[in-house]
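S.K.: Chain by chain, the residues:
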Amino acid sequence: MAANAKVVIFCPLPPKPNGIADYLAEQLPYLSEYLDVTVVIENHAPAPEGICPRTRVLRLAEYLANWQAFDKVPHLYHVGNNPDTVYMLEVLLSRPGITVVHDLNLHYLIDLTNLSQGDKEAYTKALTNQYGVQGKVIGEQLASQGWKGQFMPHELMMHSSIIDASSQIIVHSEYSANKIAALGHSAITLIPHHLSPGIRHFQPKLKMTYRGELGLPGNKVVITSMGFIAKAKQIKAVLTALAELKAQGLDFVYVLAGQCKPHEYDVYQDIADSGLADHVVVTGFLDEQDFFKYLLASDFIINLRYPTGGESSGTLSRAMGLGLGCLVVNIGPFAEIPDECAVKLDYDEAFNANLTAAIKHLIENPVERVRLGLNARRWVERSHNIVRTTAQYREVIAQEQQLLSRRSAAEPALPAMLWRYLAEPTIARWLVNNQAWTTTLDTQTSGVLWWLNNTVPVGVSGPVLLVGEATSGYKLLTDLFGYAESALQVIPPFELEQSEGNALPASLAELAIVVIPTRAIECDPVRYFAALSERLALGAKVSVTVQPDNLASPDVPITRADITQYLEASGFQVDNIHKGVSHIDMNNTYPPITHEEWCFELTKVSWMINATPQAYGFTGISELKWLQPAVTTANGRGVL
Amino acid sequence: MKNVLQALNAATQQHAISNQILIQSAICRALPRNAHVVMDNLPQSIMASLVEATGMSCDFVVFEPLIRKYGFKLADMFAQAGLPLLCLGAECSTLRITPRVEAGFSLLARAPLTLAVQTVDDALLGLQRINWLAFERVDVTFLNQSINCVTQHRPLISLTFEGSVTSLLQWCEVHHYTAVDATLRALSTTSTASQKVYLFPDQVLLDEVETYLTPDQISADEVLLANNQLAQKWPALCTAGDNLGNLTQKYLKTCTRQYPLATMMATNLYSSEWHDDTEWRWTGPGHDTSILLPMRARGLYRVSLSVLALPEGQERGFVRCFMNGVPVFGQYISAGDTIAFDYVSNKPEEPVELLLSVTDLQNCGGRDLGVAISGIEVVWNLSE
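These protein sequence lines map, in sequence, to chains A and B.
Everything in the first sequence is counted per the working numbering, starting at 1 for the first residue and increasing by one.
Everything in the second sequence is counted per the working numbering, starting at 1001 for the first residue and increasing by one.
Just chain A, with the same shape it has in the complex:
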């Protein structure tokens, strides 16, 4: 890569108390040796400290003011499930780039943009975006009855919008890579979490010195859990196990080396309940120096996560790199640690008993602790070397540079889309000027509500999908709505579900006009609308006109209300339904309408469909399916 290649990185920086900030700060000297690095931080973040002097730092406002200047520069977004990465979301979702997914489940991050601000309706929309109509149901339950399962943020993954917007993804574990690949993203690179170069400054042989400095006893086993003190870290289970071991006469000190989250988990209550107040030390947030000292003062580490959001643990890599034996839950990325490098416990009905036994074993067997630690250090040094991991980053960035050349300029990072429609009198004027044509128009095949009611935005770039009889729709879209013939991709109504023979457009469409008889959807409306959805970008505008047809013999009910349900089940939001022309024809310019039709104005809001909506008769059974885009280069996804 040329010495002046550039990259823009969105990531918090120290002194923000955030593991991702430390992670990037450690990488910067290695990245900026080869790249011109600009890091964008949030406007109110404290001034960065202790970062590589070759790094240029911009605030978000500065970056946004120079939006176009960065059009051809690869972007790298470090996303974690915490408030410090919220600021980058609107840029990430607007300008495709490489996303480093530090936490697989970003539910809390998304929640911070809506529910945490008291906006339940927006939270419902976010759930709908991820889970389609089923997400809408969950969101509405929450809004109306205040229902939110205790583990909902853990069990309901929220990441699809971020994955979908990214051209390439970097993850730290195979677990995360597989989960993301299931969403259809193919440009995923697995780069292990690097071993912090900072550990070079600390010496394991000074263990007792550090204990003295930290006020920890030299004659007891010191067990440590690191990072934010959250419920999912199973601290309560550890305290229960330790209480039992204390009753058996074992002596130890348990250090909780991290910041409390009292609004989420009251650890002090559990400490008091376990009767271990004299055996537990809660440090609060630690700077890097103290963090390493606590690690090295420890005999072994307990790093439990259940449930897991698929997050990778930088602190665990550091602990293992320092040669410490670790105890983890055999789940997610932690299951990928070689068996000989850590004690891995299955989270099953025997978990608590096994946990107690495993802790007891490690307390009583210093040789076992050393064996585990040595194996761990060898493994981390081999696979988590920062020179190697940053070289992998540079390869991904170089690939992104190539992808950029074929990507059009990104729209500004606004939380809004602007659609232009014809002014109302324009259609009436056009009708007057084209009366000869409209008198010959077969409104049954052309449909009328979609254009007389002005449901089609104008000036939309990219391909425009027309599902219907070509001739009249073609003229209306080119002549009245001003689309170039070359932009139109016409698919006959009965051929939408046949992928063969329908050439795919260069990119996903932002606009579709569909005019169909009910016969076209008589077998499986959701499958039909899903075939349409596969060709559309998220946020696309769609105008669907359905004409009830006497020849139809539907397998499922197809009333207007049913079709509304099918459209929602297919990942669309129904914005408006027209049952007739909404203006009075004072001058007799409208073509005569002799048939019934319904026009649905839609927005595509989700890739998730429910293949068996309630109207199909399978009560209580939802078959959720993640649609794959018909064109994978929509956002310049990493297909070279």
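Calculated directly from the structure, the hints in this document are not laboratory data.
Computed from a prediction, not measured in an experiment: that's the story for all the values here.
In this text, a Cβ means the ideal position worked out from N, Cα and C, and glycines have one as well.
Hints may be right or wrong, so weigh each one.
Ranges of calculated distance between the beta carbons of each label pair, as one might list FRET restraints [unchecked claim]:
1) P412(A) x P1084(B): 16 to 26 angstroms
2) E213(A) x R1367(B): 36 to 46 angstroms
3) K1250(B) x P412(A): 50 to 60 angstroms
Pairs of lysine-lysine, BS3-like flavour, derived with a Cα cap of 27 angstroms [stated by the list, open to error]:
4) K344(A) x K179(A)
5) K1253(B) x K72(A)
6) K360(A) x K246(A)
7) K231(A) x K179(A)
8) K72(A) x K1347(B)
9) K261(A) x K16(A)
Got chain A; can you put chain B on it based on the hints?
M.R.: This is chain B only, laid out in the frame that chain A set:
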């Protein structure tokens, strides 16, 4: 005429906004008292305040690029100021602003907003009179879409013209307008584009404006005027004893515009609070507060904000300011401090966005508070 040219040049030398104040004040004085003005400017602008001081009525309009830049944020600012969002364009269409659908965007559940983009002719059809169309950045196509208004009302048109001056002069010839520049000199084909231009519908109005702008005794070598001199040179504009005169004199003398906080176009500001004569607004609940400032003339300005208070128990807080994305201030502040910085406005066609970013918020009585601002002041002519 030579005196007018020289004096306006001298005013421009001081600051381009001084020139605008003089001409706008003269136009306000020359127009009938019941005149109606349509401007693409903010209600807090100097021009709007002069028009208001005259007692004339006014409509505020925006052009589409501003809506594209700010989206819902602009609509919210207008709604909070109690103003309709009237959008003008070269052709009629309907603009629909809808929220993005991807989880992670803010405002996901925001109701869509439909705006009619209209030509001047369509938008102002029902008005009984239009005496002054004051626009930034328009071209001949736009003017051609305003023919009915021009024919019916014969308004004075002020604009910064985009395109060739020749085409503008041809338009003026066809529609019997006289085009002059910011020194009231007739526009010619050799004039430069992208400058402030005034299109007068008749010579009488032009003469009257010129009369108001004729200074008291200006010597040939008087190229730079002090503030108090500026006010003295135009007694017809500054010493009439009416609201317009007093305001014109104040602007010219003090070179200062104090913005009323209560009606600022802003986001992330709590409602005004008062104690005696002091008004303040807390920033919050977010960290970043946007305030639109109308700086409609190129040049150097000094902006200052008075910090009335910090949340209870907080002695100091860190504040950063950006003007159109340019960092201009970043330091710890305490109650009673003034946040002050200089800024060169180089895009007068749009309002300048002042972004005030407060590092620490504190929850007080259920509100997340940043800092309490008690006044915004913009000063030009910093040489004095």
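S.K.: The hint says 36 to 46 angstroms between E213(A) and R1367(B); measuring C-beta to C-beta, is that right?
M.R.: holds, 43 angstroms
S.K.: Does the alpha-carbon distance linking K261(A) and K16(A) stay inside the 27 angstroms limit?
M.R.: holds, 16 angstroms
S.K.: Given the hinted pair K360(A) and K246(A), is their alpha-carbon gap at most 27 angstroms?
M.R.: holds, 10 angstroms
S.K.: With the threshold set at 27 angstroms, check whether the alpha-carbon distance from K72(A) to K1347(B) stays at or below it.
M.R.: holds, 25 angstroms
S.K.: Does the beta carbon distance between K1250(B) and P412(A) stay inside 50 to 60 angstroms, or does it fall outside?
M.R.: violated, 39 angstroms
S.K.: Between the alpha carbons of K231(A) and K179(A), is the straight-line distance 27 angstroms or under?
M.R.: holds, 23 angstroms
S.K.: Quick one, are K1253(B) and K72(A) close enough, alpha carbons at most 27 angstroms?
M.R.: violated, 49 angstroms
S.K.: Go ahead and decide if the range 16 to 26 angstroms is satisfied by the Cβ distance of P412(A) to P1084(B).
M.R.: holds, 25 angstroms
S.K.: Given the hinted pair K344(A) and K179(A), is their alpha-carbon gap at most 27 angstroms?
M.R.: Between K344(A) and K179(A) the Cα gap is close to 21 angstroms, so the pair holds against 27 angstroms.
Checked against the numbered hints above, the structure breaks hints 3, 5 and satisfies the rest.
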